[in-house]
Amino acid sequence: MNVDRDWVPMKWPCGPLEIARRNKSGSTDADVKETLEAWARPSALELLKGTPINCLIVDWADGRPEDSAQQQALKPLLEAGRRMRLSFVAKIALKEDTGVSVAAARAAGISAVMLGDASGQSFELPAMRQFPRDKAAWETASTIFSATENVWPGLNLETMNGDTALAGPTGIPWVNSNAWFSLLARELAPGKTLWLDFDPPAASTALPPAAYALAVADSHAYGSRWIISLDDKLRVALAKGNSQALSVWARLCEAVAFFEGHRAWQAFKAQGILAIISDFRGDNAYLSGEVLNLLNRRQVQFRIIERARSLPTLAGLKAILWLDNEAPSAEQHAQLLGFVQQGGLVIAAAYWGAPDVPPNKKDPSLLYKLYNLGKGQIAVAEEGFQDPYQVAVDTHLLVSRRNDLVRLYNPETTNCHYSVESESPHKGKRLVQVLNYSSEPAAYVTLWVNERVEPARFWQFGAEARTLPGRPASPGTDFDLPPLSVYCALEFEGTNL
Amino acid sequence: MMTTTCSRREFVGAMGAAAGAWLARPMMSLARALPASRVAVGTCHEYGPEVTATLAKMFAQLGGVEGLVRGKTVAVKLNLTGVATDRLGYLPAEITHWVHPQVIGATVQLLGQAGARRIRLLESPMATTEPLEEFMLQANWEPRDFSSAAPRVEFENTNYLGYGKKYSRFWVPDGGLMFKGYDLNHSYEDCDVFVSLAKLKEHVTAGVTLSMKNCFGITPCTIYGDDASVDEPSLAPRGGRGPFHEGNRLPSKSAPPPVNAHAPKDPGYRVPRVVADLVAARPVHLAVIDGIHSMAGGEGPWCDHVRHVQPGLLVAGTNCLATDAVCTALMGFDPMADRGTPPFETCDSTLRLAEQLGVGTRDLKQIEVLGTPIAKARFNFRRA
Numbered sequence: 006m007n008v009d010r011d012w013v014p015m016k017w018p019c020g021p022l023e024i025a026r027r028n029k030s031g032s033t034d035a036d037v038k039e040t041l042e043a044w045a046r047p048s049a050l051e052l053l054k055g056t057p058i059n060c061l062i063v064d065w066a067d068g069r070p071e072d073s074a075q076q077q078a079l080k081p082l083l084e085a086g087r088r089m090r091l092s093f094v095a096k097i098a099l100k101e102d103t104g105v106s107v108a109a110a111r112a113a114g115i116s117a118v119m120l121g122d123a124s125g126q127s128f129e130l131p132a133m134r135q136f137p138r139d140k141a142a143w144e145t146a147s148t149i150f151s152a153t154e155n156v157w158p159g160l161n162l163e164t165m166n167g168d169t170a171l172a173g174p175t176g177i178p179w180v181n182s183n184a185w186f187s188l189l190a191r192e193l194a195p196g197k198t199l200w201l202d203f204d205p206p207a208a209s210t211a212l213p214p215a216a217y218a219l220a221v222a223d224s225h226a227y228g229s230r231w232i233i234s235l236d237d238k239l240r241v242a243l244a245k246g247n248s249q250a251l252s253v254w255a256r257l258c259e260a261v262a263f264f265e266g267h268r269a270w271q272a273f274k275a276q277g278i279l280a281i282i283s284d285f286r287g288d289n290a291y292l293s294g295e296v297l298n299l300l301n302r303r304q305v306q307f308r309i310i311e312r313a314r315s316l317p318t319l320a321g322l323k324a325i326l327w328l329d330n331e332a333p334s335a336e337q338h339a340q341l342l343g344f345v346q347q348g349g350l351v352i353a354a355a356y357w358g359a360p361d362v363p364p365n366k367k368d369p370s371l372l373y374k375l376y377n378l379g380k381g382q383i384a385v386a387e388e389g390f391q392d393p394y395q396v397a398v399d400t401h402l403l404v405s406r407r408n409d410l411v412r413l414y415n416p417e418t419t420n421c422h423y424s425v426e427s428e429s430p431h432k433g434k435r436l437v438q439v440l441n442y443s444s445e446p447a448a449y450v451t452l453w454v455n456e457r458v459e460p461a462r463f464w465q466f467g468a469e470a471r472t473l474p475g476r477p478a479s480p481g482t483d484f485d486l487p488p489l490s491v492y493c494a495l496e497f498e499g500t501n502l
Numbered sequence: 006m007m008t009t010t011c012s013r014r015e016f017v018g019a020m021g022a023a024a025g026a027w028l029a030r031p032m033m034s035l036a037r038a039l040p041a042s043r044v045a046v047g048t049c050h051e052y053g054p055e056v057t058a059t060l061a062k063m064f065a066q067l068g069g070v071e072g073l074v075r076g077k078t079v080a081v082k083l084n085l086t087g088v089a090t091d092r093l094g095y096l097p098a099e100i101t102h103w104v105h106p107q108v109i110g111a112t113v114q115l116l117g118q119a120g121a122r123r124i125r126l127l128e129s130p131m132a133t134t135e136p137l138e139e140f141m142l143q144a145n146w147e148p149r150d151f152s153s154a155a156p157r158v159e160f161e162n163t164n165y166l167g168y169g170k171k172y173s174r175f176w177v178p179d180g181g182l183m184f185k186g187y188d189l190n191h192s193y194e195d196c197d198v199f200v201s202l203a204k205l206k207e208h209v210t211a212g213v214t215l216s217m218k219n220c221f222g223i224t225p226c227t228i229y230g231d232d233a234s235v236d237e238p239s240l241a242p243r244g245g246r247g248p249f250h251e252g253n254r255l256p257s258k259s260a261p262p263p264v265n266a267h268a269p270k271d272p273g274y275r276v277p278r279v280v281a282d283l284v285a286a287r288p289v290h291l292a293v294i295d296g297i298h299s300m301a302g303g304e305g306p307w308c309d310h311v312r313h314v315q316p317g318l319l320v321a322g323t324n325c326l327a328t329d330a331v332c333t334a335l336m337g338f339d340p341m342a343d344r345g346t347p348p349f350e351t352c353d354s355t356l357r358l359a360e361q362l363g364v365g366t367r368d369l370k371q372i373e374v375l376g377t378p379i380a381k382a383r384f385n386f387r388r389a
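In order, the protein sequences belong to chains A and B.
First residue of the first sequence: 6, per my numbering; consecutive thereafter.
First residue of the second sequence: 6, per my numbering; consecutive thereafter.
Treat the hints with care, as some may be off.
[Said to hold, decoys possible] Derived DSBU-like pairs: lysine-lysine, alpha-carbon spacing no greater than 35 Å straight-line:
#1 B/185 with A/374
#2 B/185 with B/170
#3 A/380 with B/171
#4 A/432 with A/380
#5 A/29 with A/140
#6 A/245 with B/185
#7 A/29 with A/245
#8 A/38 with A/274
#9 A/323 with A/274
#10 A/245 with A/274
#11 A/245 with A/197
#12 A/29 with B/258
#13 B/185 with A/380
#14 A/323 with B/170
#15 A/374 with B/270
[What the hints assert, rightly or not] According to the in silico footprint, chain A covers these stretches of chain B (three or more CB under 8 Å from chain A):
#16 84-93
#17 130-143
[To be verified] Cβ-to-Cβ under 7 Å is the rule here; a few derived chain A residues that face chain B:
#18 16
#19 369
#20 370
#21 408
#22 416
Hint data in this document are derived by calculation from the structure and do not stem from the laboratory.
Quick reminder that beta carbons are idealized off the backbone N, C-alpha and C, glycines included.
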């Protein structure tokens, strides 16, 4: 059996293993324990009827004495699940004897296993790799692979001051998002599917109803999937048939179903006139990841290029940010200089070989030396790249807002992602997905696109698609968005300005 | 209200004398006779080509601006308050709380036609060192529209040191009301003529914000900001102007100290005094106010109970206090009002304080209003 890239995964915590884990950590009470027991029973699967969720992640072995009891307890659930055409992925967290557990999983009818370190091993079942995102093993990523240590999307709870979200250095509320990592995964593991593994934050009160829908949107809009994971309070309430909990659940499923109904969007390509080049690994991982994160927060649309690869065609680009201290290869160097000669901008921490021309008059707001070369320019950071926030700000300014593809007005807690249907930025359908990271609806948000646009097709969760007229701006087009709870998408044909 | 008329030559001469008087201000006593003031009021209902025509007519009513700007470097302080992505509802900033690019372009064009050697557009965008052009682009403006409107148009972000090597110090004549002097970006000194290009608005803290209050934004937050360094100016501006508003801290020690270290913390006391100080220290030679579209109830979309209004007015004058007095009257208020009376319910009157510093007069009886009479053009902001 192979993994199915259309699987819609959900964590299904239940049984003796999870109970033992909770007992040890002290994070359980009678209700939670009862729910963990109940979710091991086939009747619990009733919750999934009529939903798009078709793949459950179950704990299978982590080296505890309860492993065997866990596998035994899951048998009725697996049997009932198969009758409902559900697939199961067994999570195995062992350092040794993994093969034995995998064999047991296969015997139990499990479809695939999810493993941490499994490099070089072959198993009787398809193995999905799971790794912490700062140790992403892109080369060995399986067809479906998973990353941990993600953030729960939304306003940064750690920087909340009462009901007020503290601002980041940009003056706009700081939000947590995994968007940049999803975009990175699409480039560094092309053709593969990333499942983001993150759990709801421990909270003394129930999460806002929109929180789960946002977790779905922050993953799917950027091309990955969230392994749905419910918090204890919601699971307990669902088990008791609580109507409010069922409403939250319905909203979550509605969001998942929406993206399942728009799978074609997954093939749309992120667009941008800025390319960011790094190896995104090791010592470069932190800076490059944060720069991607912060540029995304500034609504700067970019393309990602892995440093080790031959540079693809640079057509359509206006700027390249070379993030790493390591110099390009001779071939890349020649390509980059050719790009500059033709009018492009290269931004780098150091210049690889002194240019023959003196720097231009300095811009006092930017600590860069600017060299004219041919029709283009090279911008060299005088003190290298140190603060990722400053790198993101400077890059945006060096590239210039004149080249923005999209922009949000009254953005506050919202952000957006722009992609196009075809490889060519000049033709094909455009898609702009707008996300609201607050639990409160975003009002009076205007989306600006740098194109003359006919009316857009407009979607929100739980609403029929409709036409949204644009308002000509100079340049571009303004779309006044209705109050935005979590997510909306606009699809349109455009004409590049 | 004065009804005198004077020839273009007389006007130019008067304006030159006024400018000369300003430059000599530190030696002038507050008790001297105030210069006669003329203010032009134009009706203009939309932002189209009619803006340039209206403004040209108004400048002509004032006697022309050639004598003021020919061969000179002209600094134009714009009112682009807040951040560039803030909107009142779905309305672009220029329709509510920013001076409109059409008015900026028309002003630049007319100043260029009048022979200005160089025009420098200035503003202190909030909490950033980014070039002013980039700030404008974020609002979906095209800076080239301005740079192509006249020869040699420059832009500078004055919220920090900018292109200067040091800050320029401006002493307030006779000691100042809040501070003895202010350290500003070099652009406010490296100019022959200073223009305040503002919006016709109410202001939550200062009652109204017009050509004088616009000058609050000439102060760099590297010195007067919440996060300015204690001893020397910061390299980059962060935060707002808390030291002015609430007196929550002192400006960087490198700047002139406050007149009274124990001055009240009430923003309604402090802000009008800082504004009056500033226009006394850095005289405004030409005030232009965009009141074609605006907002009522406050100065920006962040204020409560604000709403879009369309007074359909342009106002210009060569004395900022007289111009603001006329604007205050056009908005439906009494420019002679003071604390406790609209629009100064919770603050002191900047107009009165500026008058006290000898900037000019707020008394409509001493101001010659040209063009549309106040009674005909009045747009009551509180009833809008």
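Notebook entry, point to check: Looking back at the numbered hints, which does the structure fail to meet, lowest number first?
Noted result: 1, 6, 8, 10, 11, 12, 13, 15, 18 and 21
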